[in-house]
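K.L.:
Now for the letters of each chain:
Number of protein chains: 2
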Amino acid sequence: MASTYLTYSYDQLKTFCEDCFGSFGFTKEQSTIITDVLLLSDLYGIESHGMQRLARYHKGIEKGLIKVAAEPEIVFETPVSAVIEGHDGMGQLIAHKAMTTAIEKAKTSGIAIVTVRNSNHFGIAGYYAKMACDAGFIGMAMTNSEAIMVPTFGRLAMLGSNPIAIAMPAEPYDFFFDASTTVVTRGKLEIYNKLGKPLPEGWALNANGKGSTDAKDVLANIVAKKGGGIMPLGGETEQSGSHKGYGYGMFCEIFCSILSMGLTSNHTHIGGKGGTCHGFIVIDPKIFGDVGDIKEHLSTFLQELRESPKSEGATRIYTHGEKEIIAKADRLENGIAVNINTVAEMFDMCQYVGLDPVKYLGDVKFENAASSSYK
Amino acid sequence: MASTYLTYSYDQLKTFCEDCFGSFGFTKEQSTIITDVLLLSDLYGIESHGMQRLARYHKGIEKGLIKVAAEPEIVFETPVSAVIEGHDGMGQLIAHKAMTTAIEKAKTSGIAIVTVRNSNHFGIAGYYAKMACDAGFIGMAMTNSEAIMVPTFGRLAMLGSNPIAIAMPAEPYDFFFDASTTVVTRGKLEIYNKLGKPLPEGWALNANGKGSTDAKDVLANIVAKKGGGIMPLGGETEQSGSHKGYGYGMFCEIFCSILSMGLTSNHTHIGGKGGTCHGFIVIDPKIFGDVGDIKEHLSTFLQELRESPKSEGATRIYTHGEKEIIAKADRLENGIAVNINTVAEMFDMCQYVGLDPVKYLGDVKFENAASSSYK
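Here the protein sequences line up with chains G and V, keeping their order.
Heads up: take any position in the first sequence, counting from 1, add 1266, and you land on our numbering.
Heads up: take any position in the second sequence, counting from 1, add 1266, and you land on our numbering.
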């Protein structure tokens, strides 16, 4: 299978993406928010959560999983909290409203937690953590998902990839950590599958709960709920810390599905219902003292980490958020590389919704692309 | 080296421990709190943080690292937060006061975060998370420590073992997750060292930042700050998720040292100064709806996890806190096994502080024990 990439400018993909979501029935403002979430992912080099996801969102809308007209509704609140009912709307829009609500409450109360039920895939968790960080706060964002993490000693996926993101203002770049509590995300498996490459050991489990390197088989089993899935961070055994990744997955689940009274990951995505849950936490550092001092304190520690001695053969120690800043600068200047199979999906989707793909993406030849699921 | 264990009843160790801390200069009430933290660890089967630590606390007091007379002081506070200056006191006492403060604030505000600077080793983080959970809240507790975690691509320990604990009420047992953000804790390395066993692969790094199975060498390098240490959860490479464990370590550091303006792990335990920092979070579930419904929702999910299909060869899936409940019941009935080398240390410490060890621990023969550091 081909691993060719095509390069597009940020503006090109932005126009394309906004018009696509417009054609799905979203308003201009809504399309802008959704596009901003998707493209930050591509800018940050998180290919699995950008353009690669576009077709899946469209299919979700087609299948009725994602309801374009849904309005998120606050069903419970206090000065430091809210629970939002998503009514099966577009995840990015619900999450954007939830994080905006949390930021507003934190401005008054110093801390706020907002939980969300009955939403859908919201893109990268880090986008929402960054929203709070850009406003000067510590931001956290989490989401559950279709079950994909197999608990330690299990063989059936019971938790989602359950990412936890946290961002906090620092110089010269903010601290920005966004990671699934599984070893890797489903998106990574999809990329290996598209590239036709075997998975590294220590990532995935087959239907019997044993290690597997067959991306296609693992993905098929997950969809069919036949068993297997992705290992928790820490791998397969307690010796390597499997129970810890499983524990962080539970941490995420508590702030998403449990505190929203929503569906736990093992009950989402069944019978044409999504039911994804999210959690958002905002903390104003000023409730601990001088905001400038605290920011400088974090910045100093991050600098010390970057400057600390490297392991044999390594040339650089990264702090979280640094790679994303580097990737963003590069992609804004040199464009965003999109896998040709994803471009093929984008073409097919355009034709399906009545947009002219050539106008947005150029006249692409697909000899090497895998057949798209739209064909 | 011997791996013999001696078994003592809970009450026997409680009396011994309380009298020891009394002899160090703590009040009866203070000794009871410290003992309760240490013995919960032994009851829960976390041998590394119970009696095994006793001698080290005593040495910390002797060296002036831990100041017996210190009184923790609230130096900054809001209705949802506080910063506590520990004045280099006993970690367990400072942490107990901090979590008590957080619980009181959460009773009024729904959420509270208390950070602590200039404290010392506080035992198991889970003890304090459990305090909040026993009061009906979600409790979190974190601490930094002497640098032991080597950041991804580094060769010098820059972060502590940085455990994150979270507990939340559930039936038939509470959710209770307490784990270092390293693959394992230093205590585990110390036990392997005491037993003279090589470390499993994927745990520790030598002074050049490369994998090592030599517990003695790794521990000596950590003490001498020569380089090396323990890998983040997720191991040595990004492929296995090393940057994620490093990220959770940073999460912990933010809530401990950064938001208290205290020492980051890489600056603690230098020049006769401890400087450990902690963080405590309490959330009242009632700010998200009906407390009974939420507890039932979590209990149902935990039950589904335990009942989900097992991997080939496995017979049981645990939820977090279950092993601790089983261990506690067993140890209350059958006693607590203490490594003979630890007992030897306890004997020597008794003689040093003028207590009669035989009165508390019986007439033990130490032919097989390693020579104690008190001799």
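To be clear, the hints were calculated from the coordinates, so they are not data collected in a lab.
Keep in mind that a hint or two might mislead.
As the list claims (entries may be wrong) - Estimated spans, in silico, between C-beta atoms of each pair:
| hint | chain 1 | residue 1 | chain 2 | residue 2 | range |
| --- | --- | --- | --- | --- | --- |
| 1 | V | Thr1566 | G | Glu1467 | 48 to 54 Å |
| 2 | V | Asp1277 | G | His1353 | 54 to 60 Å |
| 3 | V | Thr1281 | G | Thr1479 | 42 to 48 Å |
| 4 | V | Thr1581 | G | Gly1537 | 27 to 33 Å |
| 5 | G | Lys1589 | V | Pro1466 | 27 to 33 Å |
| 6 | V | Pro1464 | G | Glu1573 | 48 to 54 Å |
| 7 | G | Glu1467 | V | Thr1581 | 20 to 26 Å |
| 8 | V | Thr1566 | G | Lys1625 | 50 to 56 Å |
| 9 | V | Lys1589 | G | Lys1329 | 25 to 31 Å |
| 10 | V | Phe1342 | G | Val1619 | 30 to 36 Å |
| 11 | V | Thr1281 | G | Val1489 | 55 to 61 Å |
| 12 | V | Phe1342 | G | Glu1573 | 26 to 32 Å |
| 13 | G | Lys1589 | V | Ser1289 | 35 to 41 Å |
| 14 | G | Gln1569 | V | Ala1490 | 22 to 28 Å |
Yeah, the Cβ is synthetic: ideal placement off N, Cα and C, and Gly gets one too.
K.L.:
Hints first: check each against the structure and report whether it holds.
P.N.:
Cross-check of the supplied hints:
1. V/Thr1566 x G/Glu1467: 48 to 54 Å: Violated - the Cβ-Cβ distance for threonine 1566 of chain V and glutamate 1467 of chain G, about 35 Å, lies outside 48 to 54 Å.
2. V/Asp1277 x G/His1353: 54 to 60 Å: Hint holds: Cβ distance 57 Å, inside 54 to 60 Å.
3. V/Thr1281 x G/Thr1479: 42 to 48 Å: Between threonine 1281 of chain V and threonine 1479 of chain G, where Cβ atoms are some 56 Å apart, the hint is violated.
4. V/Thr1581 x G/Gly1537: 27 to 33 Å: Hint holds: Cβ distance 31 Å, inside 27 to 33 Å.
5. G/Lys1589 x V/Pro1466: 27 to 33 Å: Because 30 Å falls inside the window, the suggested range holds.
6. V/Pro1464 x G/Glu1573: 48 to 54 Å: 33 Å, violated
7. G/Glu1467 x V/Thr1581: 20 to 26 Å: 25 Å, holds
8. V/Thr1566 x G/Lys1625: 50 to 56 Å: 51 Å, holds
9. V/Lys1589 x G/Lys1329: 25 to 31 Å: Violated, since lysine 1589 of chain V and lysine 1329 of chain G (Cβ atoms, about 42 Å apart) do not stay within the stated range.
10. V/Phe1342 x G/Val1619: 30 to 36 Å: With a Cβ separation near 55 Å, phenylalanine 1342 of chain V and valine 1619 of chain G fall outside 30 to 36 Å, so the hint is violated.
11. V/Thr1281 x G/Val1489: 55 to 61 Å: 59 Å, holds
12. V/Phe1342 x G/Glu1573: 26 to 32 Å: 30 Å, holds
13. G/Lys1589 x V/Ser1289: 35 to 41 Å: 53 Å, violated
14. G/Gln1569 x V/Ala1490: 22 to 28 Å: Check passed, 25 Å falls within 22 to 28 Å.
Hints 1, 3, 6, 9, 10, 13, counting from the list given before, are not met by this structure.
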